[in-house]
Each structure stands twice: as C-alpha cells, then as structure tokens.
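Position chain B against the provided structure of chain A, taking the given hints into account.
2 protein chains.
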Amino acid sequence: MTNKKKCKQTINLNNTPSIVTSYSIVGKKEKNGPLGNYFDYSINDSYLGQKSWEKAESALIERTINGVLSKAGLEPDDISYLFAGDLINQCTSSSYGIRNFNIPYFGLYGACSTMAESLSLASMFVDAGYCNYALACTSSHFCSAEKQFRLPLEYGGQRPPTSQWTVTGAGAIVLGNQGKGPYITDVTIGKIVDYGIKDANNMGAAMAPAAVDTIYNHFVDTDRGPDYYDLIITGDLGKIGKEIFLEMIKEKGFDIEDKFTDCGIEIFNSDDQDVHAGGSGCGCSAVVLSGYILNRMNEGIYNRVLFIATGALMSPLIIQQGETIPSIAHAVSINNKME
Amino acid sequence: MTNKKKCKQTINLNNTPSIVTSYSIVGKKEKNGPLGNYFDYSINDSYLGQKSWEKAESALIERTINGVLSKAGLEPDDISYLFAGDLINQCTSSSYGIRNFNIPYFGLYGACSTMAESLSLASMFVDAGYCNYALACTSSHFCSAEKQFRLPLEYGGQRPPTSQWTVTGAGAIVLGNQGKGPYITDVTIGKIVDYGIKDANNMGAAMAPAAVDTIYNHFVDTDRGPDYYDLIITGDLGKIGKEIFLEMIKEKGFDIEDKFTDCGIEIFNSDDQDVHAGGSGCGCSAVVLSGYILNRMNEGIYNRVLFIATGALMSPLIIQQGETIPSIAHAVSINNKME
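First to last, the sequence lines map onto chains A and B. All the letters of the first sequence, read from the start, carry residue numbers -14 to 324 under the numbering used here. All the letters of the second sequence, read from the start, carry residue numbers -14 to 324 under the numbering used here.
Only chain A is shown next, with the shape it has when bound in the complex (with noise of 0.2 angstroms):
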C-alpha cells in the first residue's frame, strides 16, 4: 500500500469546473438527524407511493434529479451526461430512475463509493471541454438495501454493535464550465485495497484501509498535508471504521484528527437514533456532500474541502462463498477558490 505508483493517481483539473448546485432528499429518519434542517426536501412514506422499495429507490432518484435541474434552472436537454449508480442488483434504482430524461448515461458501480466516483467523472468531463454540464447522482434507501444484502425486513433480525444504517437518500450535483464555485481542483481515483476482512456488518473496517491509501496518495500527488484542508471527510467509515483509519493514517505520518470527521457519523445521533456505528450506504455522502457540506461551503464556514467516498465491493453471494471484502475509496478536493 506504501509503494507509489508511477504514475500519479491525481487529477489536477485545471479549468476548475464548478458546481453549479446540489440537491438531496432524505428519509424521516435522516431529516430528524443532526443535519437534518440542510437537506432541501424530506419524505415521509418510504414507499414515495410505489409498490416496492426497489422502484421507491428510483422514485426518489427521479425527484432528487427532477430536484437539482430546478434548482438550477435547467432543463435535462442542457445536461449532456449523466453519471449515477446505487446499490441495487444491476444497479436498477438508477436506471428507472433516470430513464424518462433522455440525457446520455454511464452507469457507475462503485458501492457507496458512488457519489466521489459519479463526481469525479462528471467534473473531469467539464474540465477536458466535453460538455458544459454533467450531473452525478446517486442513491440509497435502508428497505432495499436491508432487504437484498442483510434479511428480510419483517424478520426484526439483530444487528450487531458493528453495523451501520443505510441511509435512505438520493443527493445530486450539477457540474458546469461556468460557475462561481465550489470548484472541483483535484480528484483521487481509488485502488482497490483489501484487507481480509470476512465480516460483512464490519464494513467500516473493511473500508478503512482503502480510505488511507487514497488519502495517502493524495497528500504526496498533491505535495499537501492535512494542513491545507478546512474539513477532511469521509464516507461511511462509521464510529469503527475512523478509529482504525485515524490510527493507520497517523502511522503513516499524517495525524489529521482535528480535521476530519465522517459522514456516517455526522448523519445520525449516536445517543439516541439507534444505529450503532453509523450511517451508511451511497445516499449517505451523497446527501451529506449535496445537502451539508456544500451549504456550508457556500456559507464560507469550510473554504477547502477533501470528500474521501468509500465503498465496499462485495456482494451477499461472494461472502457467503467464503470471499473477503475489497474496498475503494475516491477523493475530491473541493475549494472555493480556483487555486
């Protein structure tokens, strides 16, 4: 994991592209959250009035794009391509979702990963000139999610301290060639780091390594420490995953503690919400990016911003065969300033 890789696995992307604007829906349970006042629009049936959480899930995709093209004031013929993907088998909460606005599609899988893999493909086709506007987008909803990789909803199973919550939200962002920012300067493309972890309600241990690569990368492609950035923060590591990724970052030579938080720990209160180690799922950074992060940056509360998604690429199938569980992480540097 120390050694480098000949070439750098850092994007600098020079023409800045900006965000023009994000957008989020969150579930009850997010909205009563801590952050919960930031996400721009919350439901109240997990259903949204379809008859399966599945095509809930595209449901939700559906407005959180209808949601963010509002937002700012365009229309889907404007956008020229669209990156999403979720969770689901054959990752078909995007494409129902997506599929009535006629915007050419690359379909991503990156497990909750997504939302740094769908951004960093989108500002890096505004920054080589490909289009003047790109979307990313992605999703998750605790009912499917719950249902396809843990048990079924009705049987109550017990979760283990480890586990962590899948959030239920979609989050948005449109990327433009114009724009005053935040911009996008640089983007972390992921190895995949696998550390032997079996566990499968212990994601963020599984996680945790790859999150310390690409941020490890990332200090050295980019000749900066923790120092540069107001806020480092991660996807969904959860209380357990940040414990073992502060320490094994620290090892590393970067002790960035007073800088960083997480979005599965930022999502839900702890004392009283009952979701053990944290958030989690692709709705999880993605809300927390498009709805949190992004307003507050807006606000100048955060001026520099490295939003590290991670993603652990298993399937219920290949643990049941005996199979570890390998990990990714993505990182985007974020600035209000073009610098």
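Derived from the structure by calculation, the hints contain no laboratory data. Here the structure is a predicted model, which is why all the values come from computation and not from measurement. Wrong hints could be hidden among the right ones.
Since the list gives no way to pick one copy over another, a pair counts as held whenever it fits inside one copy or between any two copies.
Lysine-lysine pairs mimicking DSSO-like chemistry, simulated, CA-CA at most 27 angstroms apart [said to hold, decoys possible]: (1) Lys183 with Lys132; (2) Lys36 with Lys13; (3) Lys36 with Lys165; (4) Lys36 with Lys183; (5) Lys165 with Lys56; (6) Lys224 with Lys16; (7) Lys(-7) with Lys56; (8) Lys322 with Lys36; (9) Lys165 with Lys224; (10) Lys13 with Lys224; (11) Lys13 with Lys56.
Same frame as chain A, but now just chain B:
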C-alpha cells in the same frame, strides 16, 4: 427518440487515442464457433480451477488482464486507470478479478454495453491527457449469468427460441496516447430507451430501439452515413433484435444492411450450436471486438468500424415486479487512420 438533444451526444476525440493491444479469452463453446481462431486463449474448465462460477468469472478477468498486459509489454504499474464492469450482482467478477493489480479503478455498470462504455471512458481519459495508458475490460460467464438471471443450471429448463446464450469470455483493450492505431476517433454515449418490452427472454427486441437511437444520433452528429464505415456491428441484438433494428433504422432513413452484423450472431454457428437467437452477455461484444474485429482491422480487411454495444438494464427482481426493460447502447468509432 427522433428529437435531437441541444448538446451533441458524440464526442470527437481530437487526440485520437490508439489501441495498443487487445486480448480475449473464451470458453469451449465459443472456441468451437466460427470465430474460434481469432481468440487469444480458450479454457476447457468452466470453473477455471475455482470453487464457484462467480469466482471462475473473476479468475477469467484476472487472466485476461494479465494477458493484455503481457501482450502489450506493460506492467500493471504502467496503467493509470482501469475501467471495468460485468453482469453479476454488485459487479463482483470485476472487483475480485482486478483487486490484485493495484490500478486505480472505475467500476461500471452498463450490462452488455460495458465494453463500449469502458472503451469510451478509457479513450476519453487518454484523449484528455489524464493518462498515458488506460485499460478497458469486461466479462461474462454462461453459468454465473444463467444461475443469476434465469434458473439453476441443474434444473435444465427449456429456453424459448427468442432467448440468447450468454457468452463465456472476457476481453480487454489497452488504450495509449502513442501507437500505430487503430484509433478511437469518436464516441456516442447512449440514452436509456424503453419501448415497453417485458419479456426477459427477448432481450434483442428490448435493446434494438436503443441501438437505433444511438446510431441515428451518431450519424447526425458526425454528418456521416453507413457509407463511411466498412463494418457496423452491434453488441448482442441476436437474430430477432437484428431484424427489428434494421427495420427501425431504415425507417429513419438509413439502409445499413450490407454493412451490418451483430456480435451475437457472428460468435456462434446457429445451425449446430443450439444457441437460439444468438450470443449475449458483456463478454460477447468484448471478445468479438478484442479478438475478431481488431485482428481484421490489423489485417486491413476493415479500416473503419462502428462498434455499438447494447445493454438491457433490468434485474430479475424488477422484472418480477412487472417492469419493462430499459436499454442503452454506446457507439465507438474505430479507424485505422487518424482522420
């Protein structure tokens, strides 16, 4: 579908990224098909020495990437970015297959359009100057796909005449910013198209309208017609999809029949290989492109090829819930000359 977007769907790659080399591995049935001699390697053991078909498909990807790197005379460390995806839930064939290479990774989900999606992104990264080398890869395996999408193999279910046979195979292509070609000159990224087909045993019919939409927009965007190309080849429409496709594109003013074929039709001998409507799966278009087409281009038989991989973006679950099949197609223009 006939409405043109305000923004073009086609991106002209001015720096004409070059295909450095390609590599393909197929199963026994594919080796025995009419294109058998064009593939780099074939396997006899469908398990590839693994204990499950899912692990076998990961091993297939790993061997294919080792193959393409070795053929190109490159090390994993020379590749800046790897773009891959597959059909299996949470794309585990790709993530477990590439986890040992230590290459920054973009996970994709495009179903059977993945070879064109990964090739487009890899080409664009080289074209934009983000890297010197990028790798595009995808796979499918008859047994892992049949088990997941249809019925247990042991059940021996009858297949309707409209059904297609998932190809066991993986293809990989290295793109570079220097090389003697063939070059990727343009990519046309598809929109999701859903004509209301519900029969998951008739994918060709579901995907044909997406292929029509993409090829039509490719012709309009580039101001080209079928005459420009020596060969126009779709991913895996199969026999039924091919007929629908040719009829629909003719209605839109383009008669391409004498330039046209389909990877799903070419890969098997329909008279004696019992594949019904033809081949399918991410691996189908991947091995036909990596094995057959690029070899024929190197021989000068074809100089200008339009490769259009098509994907059906449904899951077994969402079909059980009564949904239709949204589809997508991405087109890649490949040329022996920079023009």
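Now for the hints, and whether the structure bears them out:
1. Taking identical chains as interchangeable, the C-alpha atoms of lysine 183 and lysine 132 lie at most 27 angstroms apart whether they share a chain (20 angstroms) or sit on different chains (24 angstroms).
2. Within a single copy, lysine 36 and lysine 13 get their C-alpha atoms as close as 19 angstroms, which meets the 27 angstroms cut-off; across copies the closest is 43 angstroms, which misses it.
3. Proximity of lysine 36 and lysine 165 under a CA criterion of 27 angstroms is satisfied in neither setting, with 41 angstroms inside one chain copy and 55 angstroms between copies.
4. For a Cα distance limit of 27 angstroms, the shortest separation of lysine 36 from lysine 183 across copies, 18 angstroms, qualifies, whereas the shortest one inside one copy, 34 angstroms, does not.
5. With identical chains, the CA atoms of lysine 165 and lysine 56 are at most 27 angstroms apart within one copy only, with a shortest distance of 15 angstroms there and 47 angstroms across copies.
6. For the identical chains of this complex, lysine 224 and lysine 16 are intra-copy neighbours only, at 20 angstroms inside a copy versus 51 angstroms across copies, given an alpha-carbon limit of 27 angstroms.
7. Proximity of lysine -7 to lysine 56 under the C-alpha cut-off of 27 angstroms is restricted to the inter-copy arrangement: shortest distance 24 angstroms between copies versus 36 angstroms within a copy.
8. In this homomeric assembly, lysine 322 and lysine 36 never come within 27 angstroms of each other (Cα to Cα): the closest approach is 45 angstroms inside a single copy and 53 angstroms across copies.
9. When the C-alpha separation of lysine 165 and lysine 224 is checked against a cutoff of 27 angstroms, the pair qualifies neither within a copy, at 35 angstroms, nor between copies, at 52 angstroms.
10. Taking the closest pair of Cα atoms, lysine 13 and lysine 224 come within 27 angstroms of each other only inside a single copy of the chain (22 angstroms); across copies the shortest separation is 49 angstroms, beyond that limit.
11. Taking the closest pair of Cα atoms, lysine 13 and lysine 56 come within 27 angstroms of each other only inside a single copy of the chain (22 angstroms); across copies the shortest separation is 54 angstroms, beyond that limit.
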